[in-house]
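Trainee: What follows is each chain in one-letter form.
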Amino acid sequence: MTTSTKTAKIDRLAELTAQNETTSGASLWREAFRRLKTNKMAIIGAAIIAVFIVMAIVGPWLAPHSATALTWKSEVLVNQGKFVDSPRGGNWFGLDHLGRDTFSRFLIGARQTLLVGVVSMLIGLIVGAVIGAASGAAATLGGRLGQKIDTVIMRVVDMMLALPSLLLAVSIAAVMGQSLTTVMIAVGVVQIPIFARLLRGSMLAQGSKDYVLAAQSLGIRKRRIVVTNILPNSLSPVIVQATLSLATAIIEAAALSYLGLGNPDPAVPEWGVMLSQAQRFFEHAPMMAVYPAVGIIITALGFTLLGEAMREALDPKLRG
Amino acid sequence: MSLLELNDVKVHFPIKKGLFVDRTVGYVYAVDGISLKVEAGQTYGLVGESGCGKTTLGRAVLRLVDITSGEVVLDGTDLASLPDKDMRTMRRRLQMVFQDPLGSLNPRQNIESILSEGMAAHGIGANQEERREKIRAILAKVGLPSNALSRYPHEFSGGQRQRIGIARALVLEPDVIICDEPVSALDVSIQAQVVNLLDELQEELGLTYVVIAHDLAVVRHISDVIGVMYLGSLVEEAPSDDLYAAPKHPYTKALMSAVPIPDPTVEEARERILLTGDLPSPANPPSGCRFHTRCPWAQPKCKEERPQLREVGEGHRVACHFVEDIESGLLQIGTERAAVVPAARTEQDAVEEAVAKSAGTKAALEAEDAEAMADGDADVTPADARSEAEAESETESGPAASDADEAPASDADETSASDADEAPASGADETPESAAPAETAPAETDPAETTPAETDSTESAKDSSARGA
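Those protein sequences? They're chains W and R, same order as listed.
The letter at position 193 of the first sequence is residue 193 when you use the working numbering, and the numbering goes up by one with no holes.
The letter at position 217 of the second sequence is residue 217 when you use the working numbering, and the numbering goes up by one with no holes.
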């Protein structure tokens, strides 16, 4: 075949492929989002989360009563087993042992719960991702020295993983004293090794891909290869994990509050604290525990549903 | 001087064991001493079966894997000893096209970003606008629409992705492009397009290619010089036409005889060399000649001494102790390996006769070795009468056997059917036929059904035992 006919052929091919094509491409993120939007699980999860967030933002204004206002009624007499936890009058969820409106406390408490969940997840995500990224980058492109560094970091992370998470959180909370910050840090620290291992593993998997080799052969600086090539491709499992760990963070924060390590300020309601206080009256007023518990469960479910749907949307095997 | 020169390049991967402190318990000899030269503007083809180290060699040239020892000289600069920083800038001159077109493109970058990244790293183009112009020009050159710029790799077809891979290499204006199996992941029709594109670009831009492939037809089409690799080393190197017309190394012969010929008569009649056994592990390569465990012509010397590449014709280098003997027909297939004494004896007789003519002491020694080996083989069908008959036929067909060697190697369009029919008749495979013309019926079905040398020898053993009874 002569060069001219070959060129003509290629030109024709180029023309053919140019037809019926949009000019802007769809990135993988955009495609994943498109898949996410069509997933029922994701929509339900997102709806739950949306309600929760709205509640957290506007809850204090919506609340019919103040969180601290004590509505003493003659019936509120714990000792006589006439404790009011059922809807009545202006108190939809009833009153708690101090005569406070449970519904108002539930609405206001959503903000604290979300705050604890998000902040502790972010602590785990950011610190864990930095450690994981450093370790992963060292392991993939750092040569022999990098691999040694990676081994050392990972052994430390393994030690953290080996401790039971709640025990670690309790120890931290015990050392730092009783406060909301303690709860956040304690729950966040527990998440660190999970994120670190996840990101490192994901980076290692990407590091052996051909396109990383191609980037190296192009003569791109190693730092840039990590930032533009390896990291963007390693993030999807971490994003999924972040969503899922929001659920566990809320539950763990509730557990710490339940154990009495949460925010001691009675003026600031929080679902975990409410649950912990309700246990003493469980025999007389079970609904007092049920409201915050159901709140925690549904919120955690919302994050889990969204997380699972994101995992499916980001799974490269389903890319079509 | 050659543009790219490899001197005794070795890449050994350590095998590590141990919980806390890594102990090196051995090495994988992926590339084990390769020397070759690639001339500017030429295409050097590297062929070999999976696991022979061709890809590792390609990566070693770009220093994508650590070179254990040896030199990779590009235009007078030894890349192997270059500090990392200088190597990074040198990479502009050496580019690579990868086997898996999708896997070698970052799925989260669009085409513009993929192509401009390398340019930015080497300071080509002052700003993004300038780079974009250049990328557009290159995209047109490789036959991609310019609206490809903002799209992502997964939106293209396999052939288009490979064009992107080629464009990525081209934007840096390299001197040498290493194509690692550039078309093996593509459909046959797309393969042709990409191969032709590579050809065309070479013509236009004066590129030098090192093409790594296992597809013999592709390599032949694109290469000027071809190197055949086996277990980490080169066994033969020759100008492409020479290699295909007259392969000299036993391994190359076997490779070439595995290429199907689109002519049933030729295909049926030609001699085929089937290799037995598996590729030995590169972690534990055989002593001496790496190929001796599978070579039908193997001799005791092959186990002890590793043959070096030596010149046997113009630009034709072969790493085999016995190329000349195999070529001249002094050494026949299965001299030792076939577990049939009669055959072995007659071969040896032939050799001895030839030795008497040429007075080569080397050959005499080998003949002795061969005898020793043959005697060692106890599992034998005795057929003395037949061995005599064969001895005669062997001596007759001995000198003519070299013709038979050439026949299957030459291409289908070059060899006429009559040639092919004639040639194998004098070959070693046909000995039973020529020795016993009375038994034409079984002999006729013979070449069609049994191709490997070993099956043939057992067949002849059966033959002879039948006659004995």
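Just so you know, the hints here were simulated from the structure itself, not pulled from any lab data.
You may find that some hints are simply not true.
[Unchecked claim] Cross-link-like lysine-lysine pairs, in silico, BS3-like; alpha carbons within 30 Å at most:
(1) R:85 x W:209
(2) W:148 x R:37
(3) R:10 x W:222
(4) R:37 x R:17
(5) W:222 x R:85
(6) R:37 x R:141
(7) R:301 x W:222
Trainee: Does each hint hold? Answer for all of them.
Mentor: Status of each hint after checking the structure:
The suggested pairing of residue 85 of chain R with residue 209 of chain W holds, with an alpha-carbon distance near 23 Å, which does not exceed 30 Å. Of the pairs offered as hints, the one joining residue 148 of chain W and residue 37 of chain R is violated, with about 38 Å between alpha carbons and a cut-off of 30 Å exceeded. At roughly 25 Å between alpha-carbon atoms, residue 10 of chain R and residue 222 of chain W fall within 30 Å of each other, so this suggested pair holds. Note on residue 37 of chain R and residue 17 of chain R: the hinted pairing is violated, with a Cα-Cα distance of about 37 Å set against a maximum of 30 Å.
A distance of roughly 11 Å separates the Cα atoms of residue 222 of chain W and residue 85 of chain R; the hinted pair therefore holds under the 30 Å criterion. Taking the CA atoms of residue 37 of chain R and residue 141 of chain R, the gap is near 29 Å; set against the 30 Å cutoff, the hint holds. Using a Cα cut-off of 30 Å, the hinted pair residue 301 of chain R and residue 222 of chain W is violated, with the two alpha carbons roughly 49 Å apart.
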